[in-house]
Amino acid sequence: MPLRLLKYGLSRDYPVSGDIPATPELKPAYDVVIIGGGGHGLSCAHHLAKYHGIKSVAVLEKGYLAGGNTARNTTTIRSNYITPEGIAFYKEGVELFERLSQELDFNVMFSQRGQLTLAHTEATVRSFHMRAEMGRHMGTRTEVVDQKGVEELCPLLNMDYGGPLEILGGLWHADGGTARHDAVAWGYAAQASRRGVEIHQRTEVQGFEVAGDRVRAVKTNRGRVACGQVLIATGGMNYDVALMAGVELPIRCYPLQAMVTQPLKPWLHTLVSSVSLHTYLVQSSRGEVVIGGGSDPYQLYSTRSTLDMKEHLAEGAVHLFPFLQGVQLLRQWAGITDMTPDYSPIMGASPLANLWLDCGWGTWGFKATPVAGKRMAQTIAEGRVPDILKPFALERFETFRLLNEMGATAASH
Amino acid sequence: MNRLPAPFGSRIDRSRRIRFTFEGKPFEGHEGDSIASALAASGQWVLSRSFKYHRPRGILSMTGADANALVQLPFEPNAAAERTPISDGLRVSAQNVNGSLERDRDAIMDMFGRFLPVGFYYRTFMGPRRDSWLKFWEPMIRRKAGLGVVDTKAPARHFDKTHLHCDVLVVGAGPAGLSAAITAAEAGADVVLCEENPEIGGALSYGRYDPAVLSGLSSRLAALPNLKVLTATVCNGWYEDNWLPLIQGNRLHRTRAREVILATGAIEQPAVFRNNDLPGIMLGGAAQRLIRHYGVRPGDSAVVLAAHDDGYRTALDLLDAGLSVVELVDPRPAGEAGPLEAELRDNGIAIRKGATVEAAEGTPGNRHLARVRVGGSWIACDLLAVSIGSAPAWQLPCQAGGKVGYDAATQTMTITLPQGPVHLAGAVAGTDEIKDAIADGQRAATAALSRLGHAVAVERPVTPKTIRPRYVQSIVADPKGRDFVDFDEDLQVKDLQNATKDGYREIELVKRFTTIGMGPSQGRHSALATARIVAEATGRTIGEIGITTARPPVGPETLGVLAGHHEVLERRTALHARHLALNAAMKPVGAWWRPYYYGDASSAEEAVREEILAVREGVGLLDVSTLGKLEIRGPDAGEFLDRLYTMAHASQPVGRVRYCLMLNEMGSVVDDGVAYRMAQDQFYVTATTGAVARVYADMLFWNAEWRLKVDVLNLTGAFSGLNVTGPKARQVLEALECDIDFSRDAFPYLSGRDGTVAGVPVRVMRIGFTGELSYELHCPSSLAPALWDAVMATGKPHGLRPYGLEASRILRLEKGHILIGQDTDAITTPDELGFGWAVSKKKPFFVGKRSIEMRARLGQTRTLVGLQFPAGARNIPGESCLVLRNGAPVGQITSVGYSPSLGHHIALAYVHVDDQAEGSSVTVKCRNGELVEAPVVAHAFFDPTNARQEI
Amino acid sequence: MAAGVATRIYPFMPGGAADGTRLVSGAVALSDLTDKPRFGLKGGGSAAWLAAQGIPLPPVNRIGEHRGMRILRLGNEDILLLAEDAAETLADVKAIWQAAPAPKGYSSWREEGWAWMRLSGPRLAEAMCSLCALDLRPQKFGTDDIAQTRVGHIEAVTFRSPAGFDILFDITASAYFARAVAAVAGHAA
Amino acid sequence: MKLLTCPMNGPRNIDEFQSFGPVRAKLDPNATADRDWSRHLFRAENRKGILVEWWRHVPSNYFFLAERDLVTNEIIRTFDASQLRDRA
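Residue numbers (this note's numbering), protein chains in the order written: chain A, 1 to 413; chain B, 1001 to 1951; chain C, 2001 to 2189; chain D, 3001 to 3088.
Hint data in this document are derived by calculation from the structure and do not stem from the laboratory.
No false leads were slipped in.
Simulated DEER-style distance windows between Cβ atoms: (1) ARG3024(D) x VAL1149(B): 50 to 58 Å; (2) GLY228(A) x THR1152(B): 54 to 62 Å; (3) THR3005(D) x GLN1248(B): 23 to 31 Å; (4) ASP13(A) x ASN1098(B): 29 to 37 Å; (5) LEU2023(C) x PRO1198(B): 32 to 40 Å; (6) GLY3049(D) x ALA353(A): 28 to 36 Å; (7) LEU2023(C) x ARG3024(D): 42 to 50 Å; (8) GLY3049(D) x LYS1480(B): 54 to 62 Å; (9) GLU152(A) x GLU1930(B): 21 to 29 Å.
Here are the simulated lysine to any residue pairs, SDA-like style, with alpha carbons at most 25 Å apart: (10) LYS50(A) x GLU103(A); (11) LYS2140(C) x ALA1223(B); (12) LYS1842(B) x ALA3031(D).
Backbone N, C-alpha and C fix where the C-beta goes; we use that ideal spot for every residue, glycine too.
Can you make the complete structure from the sequences, with help from the hints?
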């Protein structure tokens, strides 16, 4: 039995950790105001406080802590992208996850069980080769496997279909995994607040005071806050929040839905996703099978669920694993994703000198929680964008330097 | 042994005995029994072990809504024993046990509870090594997690889907739902009444009410042909625009209702006290359901905890069922005695007011209730029926936009819906008495009818007569714990309190940190108590705390019923049977089936080689029917193509065929094909197989904006295409009966002709992908087999053979022809393909023009070139292998193959723009990491001057 | 040249693309009318030309009748003539159209691009409810109504015929469609 | 399933339709600087509020416009493209 459990058992009272302090009074000014108390904002706050000594930081969250896409995503962590810039960035993200529990002294349950993406067409196999070649070149564990390899990695997959939906091969990404999303946010929140960062829940930003090329203050439902630097990290609300500062982002919002079955004894070891079926499955440490897929087909700021998406995902899941027919679904939900034209995020400078962007995370934001926070903190602390983030600049949509990750994002997020 | 005589047991047929097993032991029940009722009738009360502490659990609600009574069936984990009927030979076992239900080795977890406080797993299992979680702790926890076991060998079952439409859907056939459905149907509306139980009536079917009420409603119902009753059907969600899934066994009715009336009733709530989870402690409604529905005596010696009239009714039912009722405990202060209380006292039942059950104790191993403590003293009993109040069934109303509130005056949870096509009726709307529910059902129906345009007088909502505050149990954590708030997740009062101490104060955070309400019952029995505990612990009101968002589905539903049955779409060309007759190896390309090669798999390579040889030296025949075929007609047809494609088409002479290249607005290449101008106002345009659906839609979209005088028709299925290619192609065609002059001068390269070949009207284009003399013959699909037969027969003496996709790919690669989607990606420009020749410099506009101009100024970084590899080269890079420059990736191989005509491997690849010149050499990283050098050569590897196609 | 000697082959005929695919016949029956005469005009001038021939045009998504032919109006300038039992009448119209000068619309080649099948049988209503999400009950969908919708998960045009529902859909999906109907018939029966 | 009322075919399940995105502002390509052109290409209409967007009824290939609330998903009205031209 781990020592800490023994300690719990032997102490008379519940050992209170006080992970999240109650929301304090809002001060008139902070060195850094982070808009958005999700994983990214909290990670940035943690890195500012711990590694850059910046402790006058307020994280403003309009609802409850990490209640947006941090709480709603299906926690895929991977780096098997296509562009070298994307792979380099997400690779650092995976590496940070590998030591995150220790960094936060909070078990984020990073479970690196590998991700298997399935191809049902030759075109998909070709795109897998592209990702594998680039991934290996960049030092990640990514390889194309044939039908036999797929069967070995996931023996329960239904390989019997002939015809258009036959599984032709797969992309095996041994670095892939999942983590407990809430724990990541709570761990960052606990660490950040222990170092003096203030977390303000139910604090909604309603506007900006802009003078010249600088944000002077943010206006909230709890009053005005002057700020040295401002970070926007509000997930599905990024477009809306940036617009309040006069910055128009090339972002469209789409709902992304997912669902989960009742808990089952473990049967699915890896993450499995299918490009053609727009379906992916992963079994959580609670035993629930989380099932997700592609975004909704039209723009919407809503977290409503639809029956059609649920039917579609069930169809995909049963197609891959026919024995799931008798398994009961427990819950479905949705998040609002901020999609960019090239399926890569927008990080770095904005047209305003002290307003920084951590936006455009679409369906792929969770895996970047540690690295985006780390690198945005560095950006804010140093006042300049590090090389690893430069390709993700907003400016790329003016200079046509796209980072096209569409093919590596469709079904797996 | 616990079976009661008729009339108890409305659901069972005593003449039919059914044998099944539970945990390997034989049991017997009657037709109509659920697993739980049959087991209870035989004295088997323990059904499962709990999630965390492995405590014995049994019947709680008899509604199938919680984890207590989930069991394992051979092909279905987590089946609700309270709802699943028994069947002959059914093998039922308990879930989540280490060993057996009776002897669960993990029951020891119950002793170690203090070592596992709420959220403990976030604070430990991290060491000693960085990968300890993955390698050691997680596998251990994963084995302990989960409930049922999925049978990975389960045979396929049949599920189906259908659609249902109605004016009014009423959900719930209790008194309010029945009355609403009858009222709406009597006014002439099309009504569907959906009830999850096998019979109508709701509480009227198991509660202690005058049977005349139900029979009266039933007979009115039966007289209404426009009222369709679906029993044993669960309405499991509400979705936008009144779209509701009604699940009836293995069938999903996707239902569209103009108006919806939710008469979903109320959910009886358990009481919180130490050991409140022991088998033998159940809700009053569960005891009544066992008695009336199944004729099962729920115990021998009962204590009733009643803070509601229903508790008094339950006590009377227990008496009727022959139980000894030791005492009725009513936590409310003594007051005016009603008729139910008088009746109980007349029966000699002790009623204790102002007291409550403080704790319970079990038999050894906590296998059953042994006694309860009331007012400090212990009372022996084997049944505690709990009836202290209920919460409105908020799940469907909330999905439909309802807001949950809390009325502090009456201490009740309330639901309000915005004005619209969804209405509440009965207990879910706050009524308490049967007659109020019936009146409220009528009121809801008239509201719905009025919205449907019926002339009806809309009534005001029913104001319940009783406005005295409901009883609310004050919840204090028991110092020794095991006072469960959530049975599914084994969560106790202190767990919630401790979560708030750690800062998880918002209800959603409490839920996430403790997992409360995340189990199979989805908070049905815990949400209200949780709100109270969190409110108390954080000094806020219950209204401020609220409950967590109600998400669909309402109750569990199988993936099978959601997935239904779905045939996989496949498309076949008109020549499909011809290919099969020729022993073609058919391969899917998108939804299409295409011949890959002709012959046996054992000689595939040889077949492909021979097919290539036939084309290069004789003549071959390829079915190109999957090509997209679009007809653009109208006075503006030329102008339309001018705007859509990069080349000039308005000026294209009739009878000429021109390559066409389509860009998107970003200037990226999205499709190519050829356009044959058949007449001044008519073009026949091909598109790639995979892109035609999108190209067609885009054409329509652009013209919705442009409004040119054109009509676009997708002829992909209507027309079939046969490519006759090879040096002897002309000989074959000329030998056919036809009215087209195929001679070189009369029918030059890149021209088109209409006519008749072998009695088949054709559109012939002299184009080709192979680099050989080629004619593409397109004809109406019903005539394609006839044309195929004629070409095959006539070609036979010339050595004509059909060839498949694989040969076609190599033939085109030998010519360096690109495949859109393979040799291009999302950002490929015409310049990168070296296709400057295909882009008109004169046209003022075409889609993508502005963007390619801009992108040219930004600077081209890569170019698609030909690469060749020496004959006998040891390591040939595969598709997608990287092209490196100074160690950095600058491009990749897009197509590669062995050219039998040239005797070595050739490839198309993106290389750095500075390396594009013929004679440059580039570095390619092979699959195994080895770097090889390859010279850049011209695109057209074979016959670089294109002489062969012009003969 | 001897024109017209070639034999037409439709999907469910011997040698057709769906050869060997079973057409259900029982409580739900699927029959193939793809070889029955029909002719469609589409594009500018179609409606005016047909009207000038004395063919009365119904409103969009309605069916009219003319000398034994059913006139389906699929769009303002998209009209389909079905001549299950009026082959000669249709042949006359086609011959006149072919000889006529423009503007006269353009052939929509529906007789080649669309399969034409008929669903009937005692369990017709149940089968259609499974195949199509629209409310096709008689009180909502009359004998002269046309639905351009999805049937069996593919785009289709459907309308009532005395014997059941007629369905027009992409001819290349004929085998698939027959399988989809057979699956539904298995459930409906 | 959400309903969308096609001006030609009436109310239908939204899975019969294909979204073609918001109606976009027209820009004279020849009077626009590269930078502005690039911005125009990637600009996204995403304001909370009512959006006018193109839809295609797939079975009939009919294109029309809808006004839809991006937050509530309410469809305010649908109309034929000729009305957009008339309005412009």
